[in-house]
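Dock chains G and Z against chain L, hints included.
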Amino acid sequence: MAENLQYYIDKLNKLNFKDMYEGNFFLTWEKTDDELAAVFTLADALRYLRSNNISTKIFDSGLGVSLFRDNSTRTRFSFASACNLLGLEVQDLDEGKSQIAHGETVRETANMISFMADVIGIRDDMYIGKGNAYMHTVVDAVTEGYREGVLEQKPTLVNLQCDIDHPTQCMADMAHIIHTFGGVEQLKGKKIAMSWAYSPSYGKPLSVPQGVIGLMTRFGMDVVLAHPEGYEVMPEVEDVDLKQAKKSGGSFSKTNSMAEAFKDADIVYPKSWAPFAAMEKRTKLYGDGDTEGIAKLEKELLAQNAEHKDWCCTEELMKTTKDGKALYLHCLPADINGVSCKDGEVEASVFDRYRVPLYKEASFKPYIIAAMIFLAKEKDPQAVLKALEEKAVKRHFE
Amino acid sequence: MAENLQYYIDKLNKLNFKDMYEGNFFLTWEKTDDELAAVFTLADALRYLRSNNISTKIFDSGLGVSLFRDNSTRTRFSFASACNLLGLEVQDLDEGKSQIAHGETVRETANMISFMADVIGIRDDMYIGKGNAYMHTVVDAVTEGYREGVLEQKPTLVNLQCDIDHPTQCMADMAHIIHTFGGVEQLKGKKIAMSWAYSPSYGKPLSVPQGVIGLMTRFGMDVVLAHPEGYEVMPEVEDVDLKQAKKSGGSFSKTNSMAEAFKDADIVYPKSWAPFAAMEKRTKLYGDGDTEGIAKLEKELLAQNAEHKDWCCTEELMKTTKDGKALYLHCLPADINGVSCKDGEVEASVFDRYRVPLYKEASFKPYIIAAMIFLAKEKDPQAVLKALEEKAVKRHFE
Amino acid sequence: MAENLQYYIDKLNKLNFKDMYEGNFFLTWEKTDDELAAVFTLADALRYLRSNNISTKIFDSGLGVSLFRDNSTRTRFSFASACNLLGLEVQDLDEGKSQIAHGETVRETANMISFMADVIGIRDDMYIGKGNAYMHTVVDAVTEGYREGVLEQKPTLVNLQCDIDHPTQCMADMAHIIHTFGGVEQLKGKKIAMSWAYSPSYGKPLSVPQGVIGLMTRFGMDVVLAHPEGYEVMPEVEDVDLKQAKKSGGSFSKTNSMAEAFKDADIVYPKSWAPFAAMEKRTKLYGDGDTEGIAKLEKELLAQNAEHKDWCCTEELMKTTKDGKALYLHCLPADINGVSCKDGEVEASVFDRYRVPLYKEASFKPYIIAAMIFLAKEKDPQAVLKALEEKAVKRHFE
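So the protein lines, in turn, are chains L, G and Z.
Convert by adding 24 to the 1-based position in the first sequence; the result is the number in my numbering.
Convert by adding 24 to the 1-based position in the second sequence; the result is the number in my numbering.
Convert by adding 24 to the 1-based position in the third sequence; the result is the number in my numbering.
Incorrect hints may have been included.
Copies of the same chain are indistinguishable here, so a pair counts whether it falls within one copy or spans any two.
Stated by the list, open to error - In the PhoX-like style, the derived pairs of lysine-lysine whose C-alpha atoms are separated by at most 25 angstroms in a straight line are:
| no. | residue 1 | residue 2 |
| --- | --- | --- |
| 1 | K349 | K212 |
| 2 | K418 | K81 |
| 3 | K42 | K418 |
| 4 | K81 | K415 |
| 5 | K403 | K415 |
| 6 | K38 | K308 |
| 7 | K308 | K366 |
| 8 | K287 | K349 |
| 9 | K42 | K410 |
| 10 | K270 | K287 |
No lab work stands behind these hints: they were computed from the structure.
One chain only, chain L, in its complex shape:
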């Protein structure tokens, strides 16, 4: 952590992020390098203020609406924490796991829940081609509502995980990397392995690996995506990655060997996910209400998974990484051998060695979310940060 707030303000002063004001956060690759840097910097500034017991409330009242299509303790608490940090009260809208009706209903509901909403956080990652599209429908609806005088303010959207990207997770992962390696400028030439790993459950979202390679290819690193044959991610994301890697002076490559990916890696991110093609199929089956087909697909996928139990982050594999000490990442919860399952993504001794760093990785998320909201809500974030420091309202009065 820096010694004073001015350090962060100086950093922000060098960045161009004016288009974030009154904007939304859908995908990291829709943002410029400067915009992402602004999020990282502001997240650190907010943490600096909080750890110095200075209130960061920029709202005296107002709601943060969360809309989760799936059970979620961690994301829900991260979002609630971010809102609380800025002075917003959370109201959860629980729509269940069903595929929501589109068009009229979404537009209407979006407005009905937004009369006092300054931010809407949505997690909708289960159906390919649906989650991100749904978020856009919501944003279009509230933007119209604001323009037409239905809403007194336009809520900003924060993507808390969609079918394509998981920006708050990956930005938190990246903040952890930056802090671990001592600055974003230290990352050029580093090797990061985003690798599939075996899990006894199936159908884990693709948005984590896609988000990771979609973000990590922007910092001059050598990004390797490893998975067994058949576990491909969305091709559109890979196209983005290739362009970004080239532009940043790094590389993006693929392999079907976990060993190859781990070899000399500085950072490893072994995690299970479902094949893109299977997820597309599942989305269609759900759309058709074909429960028999869904059950059959699940069985096939579990059988397919079981062929790759050797894709595990073992001590042996870790030894092959850079100095045997690659930074191990995970979005949590991980499937740990002999702890949460018999065979899983990682050996218990590896996980345990990185337990505290993993918790730190997660601890960045509330600040990342808060930073995204802050940048969408404040025309001059530097001035507001300065004013917060000068007002010096104590977060905890003691």
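Just chains G and Z now, with coordinates in the frame of chain L:
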């Protein structure tokens, strides 16, 4: 919106609403004209302040307890928004859809949840003869609790929909009418049609039509209630309407023809509801736990409904209204032909033309609820409004 | 209530409770007499400030996380009220009634929900040997998280009911006794009967009777525990009670006769609970997933209970208490004859005579919880109280 806050304060100064202080809000027809006017004016004043980024928090801490007997996204968010606007944190009490035990249990629970409660919002519309009575039991219990020193403050009750009235909805509808027609004094002689309309679902609450005619008959309008034979509302409410219409210089009439009701109407409110007699029967069946009887009744009601599919707000009918441009109202969500159902309450093109105005109609509700709370909590609301403006705490610090 | 805040500050000045700072609250018998006195005094001071419309918010933002293993309206609202009183927003973590996984998962979840948490309130009373242990695991995890820089603050734990003790309930009961008898110094030599009573349900937690005798034996009272044979509580708690009673100059005795316990009692607390041995057995059956065994045990326990329907707090029994006017206590809700059940813990006329006092008894709980948090969070509580009075921010702006 007025140019300054003084406009609203001047309006309030001409009204007598002193009995609202420390009171509750059950039914609109239990309030005087001045008291209703105070709610409308204060709602506008709060919206004025918020749209000028001035905090309207009159509570530094305190709870708003919501008690819903039914799933409710819209009402829940409206209540949460109103509480947040005034500085109260919402705590939801979910008692399920069951008919709650009365007497001892209600009195006890009412006090146990109210130690820090400044407001209790209740929605209990499912059972005839129960909802409103339940609210009175709660109010009596907390009033006694306050008097006896159990509670440090007496929570005010806001009726968020009972078996008889839906005051926050109808007051929001009325606020929308007032704003659309340019003032309450413009309403004399206007014709409003509260009409039954077909819906593929059954058992929609009577409190909306009853609330609408119970409120709209107070402004000198010609109020027409239209429904097929057998879809009568509570006779007690009709008695109130006749008296109110006479007193206000308007009229209240009934017809079994939707066409007759729509003819030359300035405002139309086509909406499905269940017959009062059937709802009474259902309440008894639920009381007896007669699930077979309930299923049979449902079947009968759906069959009865299906005979009246022609009760739809069509383009053709809309053309017969005043200049073909009557203001279309609905409490939302509506059953829209070809959108949310095959045959429903309204044709899609009609609904779509009024979509933004319908959202605006809904947007008044949080302010109406907040105004009801404000008037129950502040002895001198004008002075508090003035003080809020002078303090000028920014809602959003920017 | 005292005439001024200084009264409470003077009382606090005479007590040594410095070890409560940055501590947790698990069991009352782990606290010194001075520490318990500090909780009672601070609870009163907070109530004094609130009733004088002075804000007691010591947090500008921050979360209070509640973790309930069981449905709970009352405890949930008490905790929410306490958090709100101090400026914390509540976030509920619902883990269902299942026995939660231990070790890794608990440590991880504890940290993931605590990034902005200043307090964690846990209720986990269903399984013998589990609830209190679980709370310790959570505290150990967040303490490590704080030390390692994962968390910016260490959340304090408040035990909202475990398998051993129910400190917030019993402290509220005791606050009620103190206020009723005019001070803790009036309690020496008073007789209190903690008695089993019949209830048509089974398996009510042992933590209430254990908590009551575990606390009440510290004030020089004659504490009598009465229950039918076979309804023993945890022997470890009885050991504690004997020592405490001796030290305080009172006594602790047991009887299998309700009449003997009530004879000349100043205070009676008749309440159902399950036999300790049966609860141990049930815990094992749940652990084994033996649903058949659980059903069989339930049947046995209900039959066993039914043999003791005569264990009821009747008017006749009440007449045998001191001047026929013993203070009747209950943690609520009670099983009332002819009201909530046919045969229960207490006759309706007895309950009704004590209804208002029972509500008052309950009303202390939010303040007791708030006091526990306050003492864990403030190094110099007296100075903070004084500062709050001087700042004199109005809780309700009027």
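Intra/inter-copy verdict for K38 and K308 if alpha-carbon distance must be at most 25 angstroms:
The answer is neither: 47 angstroms in one copy and 63 angstroms across copies each exceed 25 angstroms.
Measure nothing new, just compare the shortest in-copy and cross-copy C-alpha distances for K270 and K287 to 25 angstroms and report within, between, both or neither.
Only inside one copy: K270 and K287 sit 22 angstroms apart there, 69 angstroms across copies, limit 25 angstroms.
Given a CA cutoff of 25 angstroms, do K403 and K415 count as a within-copy pair, a between-copy pair, both, or neither?
both (19 angstroms within a copy, 24 angstroms between copies)
Treating 25 angstroms as the Cα threshold, decide for K42 and K418: within, between, both or neither.
between (29 angstroms within a copy, 23 angstroms between copies)
Within a copy, between copies, both or neither: which one fits K42 and K410 at a CA-CA cutoff of 25 angstroms?
within (18 angstroms within a copy, 36 angstroms between copies)
Have a look at K418 and K81 and pick one of within, between, both or neither, based on CA distance no larger than 25 angstroms.
both (10 angstroms within a copy, 11 angstroms between copies)
Which holds for K81 with K415 at a C-alpha limit of 25 angstroms: within a copy, between copies, both or neither?
both (11 angstroms within a copy, 18 angstroms between copies)
From the Cα coordinates, with 25 angstroms as the cut-off, is the pair K349 and K212 best called within, between, both, or neither?
For K349 and K212, only the intra-copy Cα distance (18 angstroms) is at most 25 angstroms; the inter-copy one is 66 angstroms.
Within, between, both or neither, where K287 and K349 count as close if Cα-Cα is 25 angstroms or less
The answer is within: 11 angstroms in one copy meets 25 angstroms, while 73 angstroms across copies does not.
How would you classify K308 and K366 at a CA-CA limit of 25 angstroms: within, between, both, or neither?
Answer is between: at 24 angstroms across copies they meet the 25 angstroms cutoff, but 32 angstroms inside does not.
Taken one by one, the earlier hints fail for this structure only at number 6.
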